[in-house]
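Chemist: Listed below are the residues making up each chain.
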Amino acid sequence: MVKEPILISATAHYSMGGIPTNIRGQVRKNRDELVEGFYAAGECACVSVHGANRLGANSVLEALFFGRHVGKEMVKDIDNLDFGEVSEADAYNMVQEINYILRNNGIESVSKIRDELQESMTENAGVFRTEETLKKQLEILDSLRKRFKHIRIEDKSRLFNTELQEAIELGHMLDYAKFIVEGALFRKESRGSHYREDYPKRDDENFLKHTLAYMDKDGNISIETMDVTLGKFEVKERVY
Amino acid sequence: MEKSIQTKNITVKVFRFNGDTDVLPYYKEYKLEVSQEDVVLDVLNRIKWEHSGSLSYRRSCRHGICGSCAVKVNNKGVLACKERVFDLIDLFGDELVIDPLNKQRVIKDLVIDKKDFWDKYDAVQPYLVADVEEEPEKENLVTPDEVEKIADADYCIQCGACYYSCPVIEVNPEFIGPAAFAKAYRFTSDNRDDAKIERLETVSQMGSGVWDCVKCFECAQVCPKDVNPIDKITRLHQQTFQEGVAESNVATRHAVGFKHSIEQHGFLDEGGLVFYSEGPLGMVQHIPEAVNMFKNGKIPMPWNLPKSKNLEEIKKIVKISSTAKF
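Just so you know, the protein sequences line up as chains A and B, in that order.
Residue numbers for the first sequence follow my numbering, beginning at 1 and rising by one.
Residue numbers for the second sequence follow my numbering, beginning at 1 and rising by one.
None of these hints come from the bench; they were simulated from the model.
Please note that a few of the clues may not be correct.
To be verified - Okay, derived cross-link-like pairs now, BS3-like style, lysine-lysine, Cα gap no bigger than 25 Å in a straight line: (1) B:K8 x A:K112; (2) A:K3 x B:K8; (3) B:K28 x A:K112; (4) B:K103 x A:K156; (5) B:K76 x B:K13; (6) B:K298 x A:K156.
As the list claims (entries may be wrong) - Quick list of the computed label-pair ranges, beta carbon to beta carbon: (7) A:V75 x B:E148: 36 to 42 Å; (8) A:P5 x B:E50: 20 to 26 Å; (9) B:P144 x A:S143: 56 to 62 Å.
Quick caveat, the model's predicted, so the values are computed rather than measured.
Yeah, the Cβ is synthetic: ideal placement off N, Cα and C, and Gly gets one too.
The task is simple: from the sequences and hints, build the whole structure.
Modeler: Below is the structure:
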């Protein structure tokens, strides 16, 4: 038999967690309130049907069932919903994000920052993480976020600009990475796919709860928790 | 024996054109070291991420399922995320030219406007037409034999590699094309579908339909998912007869003419075939070719036509298997 090396790498296959919703797909503003008229379904959403680990093939539940279910719920609600108030300033936020990337004349490259983000997240915030690696990753993220402000893209056109798209995506990935790391730091236990080598046991007393994380304008994250509604299955240790 | 990862140095010339700023398209040359692991998409990504961020191409899934990234390399239609660069080097050497699937439809660099492809795709109703209960209480059973008929037609990812490699499309913009024909077959062979006849009528029109396929097999050659569109086109030919949709015209009579010839002689009678499909006038038009063929010993005189020894049996087989009504 001929043995040949093959290249392998970790890839983001699925995101556990996401935009928190209730079972009707209404987005939660916080523990107690909903955002009126805002719904989420599919892989972006977190209805919390999976617990701390989504098992193989079960994302079909979100992709198929909740797409249909939430759509029907929206139809029920729509007659009682008014248009929210929207200001020109709200729209300008998005325009500004695009214009900043198009016009910024820095020295950093999107693909380099993205490579560093991917490699460091795999290394420090992958399945196995510790307080030490996560804190280190927070510092790396802060530095990458600063560098992101100094990117420059070559393509300035408004026609099929995939370079602009990649840059916008990177900005969002940098935000999202911070949620992952802060959430992992907060949870001083191991549960589902989250394995803290410094806290290898599950701790129901302190952490049988959802994490709700908020980012402020300066990119700082604050954390709240929400009670878990347990169904007919009791929480058990994973033994396989 | 253990091996290390091999690399090769190549020159890649990429088609560049930005409709916003360029008057004419041009080729830009990049020199790269590629490994045996690299597929064409890796080459494009490296050019975009390391050399020229403005290089534009469609891509999404990176594992041959979304159909976004089809391009042409040295004029061969390929799915960029599936085609290994080393295989292309074996075929074409160390200089690769990457083009969009169709240069006339370029929006930017390798990104083309696939509207013509999608319009034709829509024309065959590429979805199940059936009265399905919204909340059914039991499954719609399909037997393994029935699934077998759909064959590989269901694997199409709409990448467009076959469509933009089809020589008929180049000269006949009406032609529906291999991808949409394969999709039509996917539903005409589905026992749950109720629009079989309608679809067969759409795909059997003269000019746009299956009879205008020139059977070059390019679609089967380029398809990254082994859908084998020409095989589906042939099956559609058969279905138009089986379902009584085939109308008598020069194309269908050409097909049926083969059957008549075999039925009468057990051999192909080319003169008789022309007479049956094109009529006496067509016969006259082909006289110069016939003379030439006769001179070269390619056809016998009608009175010298050989007959197959087992003609009676052949006739029986034709009789029980034919679905043609003319």
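Chemist: For a C-alpha distance cap of 25 Å, please report whether B:K76 and B:K13 respect it.
Modeler: holds, 14 Å
Chemist: Would you check the hint for B:K298 and A:K156, treating anything up to 25 Å between C-alpha atoms as holding?
Modeler: violated, 64 Å
Chemist: CB of A:V75 to CB of B:E148, is that within 36 to 42 Å?
Modeler: Roughly 40 Å apart at Cβ, these two residues keep to the hinted range, so it holds.
Chemist: Is B:K28 close enough to A:K112, meaning Cα to Cα at most 25 Å?
Modeler: Holds: B:K28 and A:K112 sit about 23 Å apart, inside 25 Å.
Chemist: Can the restraint linking B:K103 and A:K156 be considered satisfied, given a maximum Cα separation of 25 Å?
Modeler: holds, 23 Å
Chemist: Does B:K8 lie within 25 Å of A:K3 when you go C-alpha to C-alpha?
Modeler: holds, 20 Å
Chemist: Starting from the hint 20 to 26 Å, judge whether the C-beta atoms of A:P5 and B:E50 obey it.
Modeler: holds, 23 Å
Chemist: At the C-beta level, are B:P144 and A:S143 separated by a distance inside 56 to 62 Å?
Modeler: holds, 58 Å
Chemist: Given the hint that B:K8 pairs with A:K112, does the C-alpha gap stay at or below 25 Å?
Modeler: This hinted pair holds, its Cα atoms lying about 24 Å apart.
Violated hint for the displayed structure: number 6, the only one.
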